[in-house]
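Starting from the given sequences, assemble the full structure and let the hints guide the process.
4 protein chains.
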Amino acid sequence: MVSKSKIKVRYAETDQMGVVHHSNYAVWYELARTDYIETLGITYKAMEEVGLLVPIINLQSKYIKPAFYDNTLIIETRIKKLLKVKIEFEYKIYREGEEQPINTATTVHAFVNKALKPINLKKESPTIYTKLEQSLEY
Amino acid sequence: MVSKSKIKVRYAETDQMGVVHHSNYAVWYELARTDYIETLGITYKAMEEVGLLVPIINLQSKYIKPAFYDNTLIIETRIKKLLKVKIEFEYKIYREGEEQPINTATTVHAFVNKALKPINLKKESPTIYTKLEQSLEY
Amino acid sequence: MVSKSKIKVRYAETDQMGVVHHSNYAVWYELARTDYIETLGITYKAMEEVGLLVPIINLQSKYIKPAFYDNTLIIETRIKKLLKVKIEFEYKIYREGEEQPINTATTVHAFVNKALKPINLKKESPTIYTKLEQSLEY
Amino acid sequence: MVSKSKIKVRYAETDQMGVVHHSNYAVWYELARTDYIETLGITYKAMEEVGLLVPIINLQSKYIKPAFYDNTLIIETRIKKLLKVKIEFEYKIYREGEEQPINTATTVHAFVNKALKPINLKKESPTIYTKLEQSLEY
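Protein chains in written order, with the numbering used here: chain A, 283 to 420; chain B, 283 to 420; chain C, 283 to 420; chain D, 283 to 420.
Possibly wrong hints are sitting among the right ones.
Given that identical chains are not distinguished, each listed pair holds provided it fits within a single copy or across any two copies.
As the list claims (entries may be wrong) - Here are the simulated lysine to any residue pairs, SDA-like style, with alpha carbons at most 25 Å apart:
hint: 1; residue 1: Lys374; residue 2: Thr386
hint: 2; residue 1: Lys396; residue 2: Arg377
hint: 3; residue 1: Lys362; residue 2: Asn340
hint: 4; residue 1: Lys399; residue 2: Thr354
hint: 5; residue 1: Lys362; residue 2: Ile346
hint: 6; residue 1: Lys363; residue 2: Thr386
hint: 7; residue 1: Lys347; residue 2: Leu313
hint: 8; residue 1: Lys286; residue 2: Val390
hint: 9; residue 1: Lys344; residue 2: Pro400
hint: 10; residue 1: Lys288; residue 2: Glu358
hint: 11; residue 1: Lys366; residue 2: Thr388
hint: 12; residue 1: Lys405; residue 2: Val394
hint: 13; residue 1: Lys344; residue 2: Leu364
hint: 14; residue 1: Lys344; residue 2: Gly333
hint: 15; residue 1: Lys396; residue 2: Thr386
hint: 16; residue 1: Lys347; residue 2: Ser407
hint: 17; residue 1: Lys347; residue 2: Val367
hint: 18; residue 1: Lys286; residue 2: Asn340
Think of the hints as simulated: they come from the structure by calculation, not from any bench.
This is the structure we're talking about:
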């Protein structure tokens, strides 16, 4: 499964180089993976409410071309890897209508409880784990 | 009492107009009033730990001149008004070495508990209230 | 004329109080007034390209209720006042489906050129001025 | 050479998980590498003024432990690799007084001109290139 998120670049996201400041991409990956799991009927908010957090432990980002103010961007998101204790998402960001991505990235997240201690998602939240697993297959 | 905070403008705080994006000033006021109360021996962190929060309820900001990347800025902070249920801070931001402020602002904050319900600070935390009150006088 | 913008609160916009950090509202007002002028067939990007900038000179914001992660918010924007050298916008932010705003604000902006010097918009860009003026009336 | 930068975590940098939102680290790396080159007598501002930009093309970040509001953090920065057309910085972030980093990262930057076209730094700005090169050696 690949989810698609659409965003419009905000003025506040630009810097004096005239392009989007690179720190904003991490914010976009986050809303993109939230869209991904919402497609599965899971909300990040509901996960937090039952005490499941998924903090980032690794981020890799490749900036290929700049994004500009007012650009409409499409973020394609998929799960690259799912383990019992962590998950890896992959992102490709395109300017709307273009075929080459301007940015590609991966993020790895641990499954932890409210005390920020690692948990085994398959054991603690089998329903969520199964939904994530199934989305990998189609 | 007037506290002084010094900051250096970060690249990420600029926008494509080549100046600091106006949304960052609210972040600076916040660290400036934190410095103010730390001068009194109170930390915002300790306040939160005892369940006292001071969310903003009003913000007024006057942008006089732009701030630029790498500028060193001085923020002067004082309490303008202290009531049992809320507090008003006043800020003046200067480029280091200049006499005219580039920005002036006020913020009003409510005293609330963790459930975000209003509290009477004088009654709930008389020590903190007294320290704030005394700082108004000298 | 009143324009409506819809946004979804991003995780990165929250703070450890569990609500949206107040500095983000200024970012939202900005995208809301951009939507307003786009409704008139003007883009902020096109304005910048002809050398017209509209930096903020005054911001007033009243925080009535908090906004939370994942909330869908509606921002209603209108022009409150239009002068030859500056413009005032007014904003009301609602949680989707609610009748009472959680935040109200005004921003005042100067019309300046690329050197950040004030200009008379009616004289320099009569087409844009007229469109803004007409939107005030219906 | 290793430069050290000190920052204090701002409230606005936290999120509702109660830790620093991960997107802020990229802002910190940026101010850390700015400090590094300032130690060499180069300012990023001066580089921009002569038309030399160093946009990021790759970011890798490993989040080991969370950072909290009000933490004082030390960022150690060094050049990992210098080529004629790009440069790689390495960062280690520590909570003050601790021996294990809470975050490690690398960023790769291209040398480009104002039109965002790649340039050969050794040829275009030999003085800057030499200073960077020498800092690698001691």
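Verification of the hints:
For a Cα distance limit of 25 Å, the shortest separation of Lys374 from Thr386 qualifies both inside one copy, at 5 Å, and across copies, at 24 Å. Taking the shortest Cα distances, Lys396 and Arg377 sit within 25 Å of each other only across copies (22 Å), while inside one copy they are farther apart (37 Å). When the C-alpha separation of Lys362 and Asn340 is checked against a cutoff of 25 Å, the pair qualifies both within a copy, at 13 Å, and between copies, at 19 Å. Only between protomers do Lys399 and Thr354 lie at most 25 Å apart by alpha-carbon distance; the minimum there is 23 Å, versus 38 Å within a single protomer.
Taking the shortest Cα distances, Lys362 and Ile346 sit within 25 Å of each other both inside one copy (20 Å) and across copies (21 Å). Taking CA atoms no more than 25 Å apart as the test, Lys363 paired with Thr386 passes in both settings, with 16 Å inside one copy and 23 Å between copies. For a Cα distance limit of 25 Å, the shortest separation of Lys347 from Leu313 qualifies both inside one copy, at 21 Å, and across copies, at 22 Å. Taking the shortest Cα distances, Lys286 and Val390 sit within 25 Å of each other inside one copy (19 Å), while across copies they are farther apart (28 Å).
For a Cα distance limit of 25 Å, the shortest separation of Lys344 from Pro400 across copies, 16 Å, qualifies, whereas the shortest one inside one copy, 28 Å, does not. Taking the shortest alpha-carbon separations for Lys288 and Glu358, both the intra-copy value of 9 Å and the inter-copy value of 22 Å come in at or below 25 Å. Only within a single protomer do Lys366 and Thr388 lie at most 25 Å apart by alpha-carbon distance; the minimum there is 18 Å, versus 28 Å between protomers. For the identical chains of this complex, Lys405 and Val394 are intra-copy neighbours only, at 12 Å inside a copy versus 39 Å across copies, given an alpha-carbon limit of 25 Å.
Proximity of Lys344 to Leu364 under the C-alpha cut-off of 25 Å is found in both arrangements, the shortest distances being 22 Å within a copy and 18 Å between copies. Proximity of Lys344 to Gly333 under the C-alpha cut-off of 25 Å is restricted to the inter-copy arrangement: shortest distance 24 Å between copies versus 32 Å within a copy. For the homomeric pair Lys396 and Thr386, the shortest alpha-carbon distance between copies (24 Å) is at most 25 Å, but the shortest distance inside one copy (30 Å) is not. Taking CA atoms no more than 25 Å apart as the test, Lys347 paired with Ser407 passes between copies only; the shortest distance there is 24 Å, against 39 Å inside one copy.
Taking the shortest alpha-carbon separations for Lys347 and Val367, only the inter-copy value of 16 Å comes in at or below 25 Å, while the best intra-copy value is 34 Å. With identical chains, the CA atoms of Lys286 and Asn340 are at most 25 Å apart both within one copy (22 Å) and between copies (23 Å).
In summary, the structure agrees with every hint in the numbered list given earlier.
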